[in-house]
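Each chain, written out:
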Amino acid sequence: MRNPKIRALIVAGATLAAVTASAQVAPTPAPSTRPGATRPPPPGGVDWAGAVGGLRQSGGGNSPIGRGLDQAAVNKTRVPILLPADPDLMGGARIYSFGDYYSITANLSGARVSLTGTAQTTPLPAGSKLNLPNVGPEQLVVQRTVDGQLASFVRYGVLYTAELRCDAPSDPRCRTETYVRSLVVRSTVVVMGKAARQAAGLGA
Amino acid sequence: MRAPLIFLILIILAVLALVGYNSGWFGTPSSAPTHTTAGDILPGGPLPDGATAEPDEPVGDGGAEQLPDEAQAEAPVDPVKTPDVPSAGSFGHFAAGDLLPKSGSGYLDRTAWSPQLCFPFADDAFANSQVYGAGGGMGPKDKPSQCDASNYSLPWRDNFCESRGHASPLCATGKGHQGQDIRPATCKKDKHWVVAAEDGIITDMGTYTVTLTGSAPPHRVYRYLHMRMNQLAVKEGAVVKAGDNLGKASNDFGGTPTTIHMHFEIRSGVAGTSTDGKAVKLHTFLPPYQSLVAAYDRKRAGQACQ
Chain A
1 MRNPKIRALI VAGATLAAVT ASAQVAPTPA PSTRPGATRP PPPGGVDWAG
51 AVGGLRQSGG GNSPIGRGLD QAAVNKTRVP ILLPADPDLM GGARIYSFGD
101 YYSITANLSG ARVSLTGTAQ TTPLPAGSKL NLPNVGPEQL VVQRTVDGQL
151 ASFVRYGVLY TAELRCDAPS DPRCRTETYV RSLVVRSTVV VMGKAARQAA
201 GLGA
Chain B
1 MRAPLIFLIL IILAVLALVG YNSGWFGTPS SAPTHTTAGD ILPGGPLPDG
51 ATAEPDEPVG DGGAEQLPDE AQAEAPVDPV KTPDVPSAGS FGHFAAGDLL
101 PKSGSGYLDR TAWSPQLCFP FADDAFANSQ VYGAGGGMGP KDKPSQCDAS
151 NYSLPWRDNF CESRGHASPL CATGKGHQGQ DIRPATCKKD KHWVVAAEDG
201 IITDMGTYTV TLTGSAPPHR VYRYLHMRMN QLAVKEGAVV KAGDNLGKAS
251 NDFGGTPTTI HMHFEIRSGV AGTSTDGKAV KLHTFLPPYQ SLVAAYDRKR
301 AGQACQ
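Read top to bottom, the protein sequences are chains A and B.
Counting in this note's numbering, the first sequence runs from 1 upward without gaps.
Counting in this note's numbering, the second sequence runs from 1 upward without gaps.
If you're looking for bench data, these hints aren't it; they were derived computationally from the structure.
There could be a bad hint or two in this list.
Below, a sample of chain B positions facing chain A; criterion: calculated Cβ distance under 7 Å [said to hold, decoys possible]:
id, residue
1, 192
2, 206
3, 230
4, 231
5, 233
6, 240
7, 257
8, 273
9, 281
Now the stretches of chain A that chain B is said to cover, found in silico as 3 or more residues with beta-carbon under 8 Å [stated by the list, open to error]:
id, stretch
10, 47 to 57
11, 128 to 135
For clarity, every value in this text was computed on a predicted model and none was experimentally measured.
All residues carry an ideal CB built from backbone N, CA and C; glycine is no exception.
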């Protein structure tokens with residue numbers, strides 16, 4: 001290394017190499033949080049005209065389905081509640097209402113069903129793509145879970161879910177989509193309590 | 001004449017440097033934990049205070065939470081590595097998305113989907129893989145025990161999107177682990193409390209699952225799997241505050257024992273774009289790891305959940 005030119009070359013080369021190597025480790029965005037990033041339901045986010053149509057088609061609020069639900073919780077729910085036309089399933093169902101979101105739990109032999117509805121969604125980062133090979137009508141997506149099947153779909157501007165959870169992992173109802181899809185197909189009963197009726201312009 | 005020669009030498013040096021980098025001559029930054037502090041328990045080190053290794057029980061599912069015929073729908077591939085972002089004062093943990101080698105491709109976005117998450121264990125705990133770690137069905141053959149010290153040591157490791165046959169649309173293949181596996185402070189079941197991640201209502205209880213729905217928008221759904229179900233502190237319909245005891249970490253799995261761990265999921269309604277460009281809303285699984293790291297940092301700093 002007596003020749004300063006060669007030494008300079010090596011230094012320059014090493015510098016370039018280091019820069020190139022470090023470029024392999026691209027800077028990563030700092031951990032981000034999204035407080036308040038939840039998108040509130042825009043005015044008119046719920047398709048109330050459609051929901052009222054659904055309400056009329058399912059008996060105008062006189063359907064026996066859902067009568068067993070806690071009426072105080074139903075009345076505070078500000079989105080249309082969607083139920084499967086299955087009196088046996090809904091007979092002992094329990095509703096937990098957060099106003100803009102509800103969750104209903106019902107028992108089956110060896111399994112349970114959960115039904116939820118909300119008009120709120122959180123936007124995903126632009127770079128995050130959803131790998132969904134089979135999106136059906138009403139944005140129906142069925143996902144296999146650890147203990148069952150989770151279906152979500154959008155109707156009346158509301159994101160609804162129907163989920164089946166089995167006690168035994170090997171329960172055939174949870175191993176295929178058949179049951180949960182039938183649950184979605186049977187979800188035709190619209191129930192609106194006071195808050196939803198007010199929001200729909202029906203009065204309380 | 002000299003310029004091309006200099007350029008050629010620079011290229012050769014650059015190539016040599018890159019080969020050296022990829023061969024680990026300069027260390028392996030992407031496989032190093034984000035941060036390790038004094039007092040951290042390192043892999044292979046002693047068990048934490050009070051940790052008592054139990055004789056291994058048979059693990060019916062190898063920790064996979066999946067029936068054998070449904071497992072491994074996708075061939076595991078090495079994850080795309082992301083560089084670590086050291087955070088001062090944090091504990092030893094690998095970056096989000098940096099899964100164990102050959103266990104799948106991690107989800108790389110660093111969003112904390114539950115920014116105010118209450119760390120779901122009352123004690124310390126270790127986030128890592130049940131399947132690809134020691135004692136797991138796909139774990140190292142020379143470490144057959146789930147109570148191996150490496151499972152009860154820092155650094156933490158993400159395992160959302162780890163290769164599984166379950167749907168997980170945010171994962172590269174559309175399938176993968178739907179949550180984060182977390183081992184309690186010691187390899188002792190029915191001892192360590194699992195707590196509520198935020199204020200909410202227990203909306204469902206299964207034979208090995210407890211579901212907590214958050215009271216505040218966007219009403220995240222937290223799922224806790226494998227607690228001791230006959231010793232729970234809550235019932236369906238219970239209104240809980242962040243940090244309230246729910247139950248004790250165990251290995252309940254519908255009659256088939258799994259490893260002693262808690263599978264922790266965060267779900268929510270999201271709006272995004274599918275890989276084929278369609279706008280879609282769905283209720284799905286979100287990566288818990290970044291939120292857990294932040295929550296554990298807060299816990300270590302003595303910040304209360306409520």
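Verification of the supplied hints:
no., hint, verdict
1, 192, "violated, 21 Å"
2, 206, "holds, 5 Å"
3, 230, "violated, 14 Å"
4, 231, "violated, 18 Å"
5, 233, "violated, 18 Å"
6, 240, "violated, 12 Å"
7, 257, "violated, 12 Å"
8, 273, "holds, 6 Å"
9, 281, "holds, 5 Å"
10, 47 to 57, "violated (count 0)"
11, 128 to 135, "holds (count 7)"
Hints 1, 3, 4, 5, 6, 7, 10, counting from the list given before, are not met by this structure.
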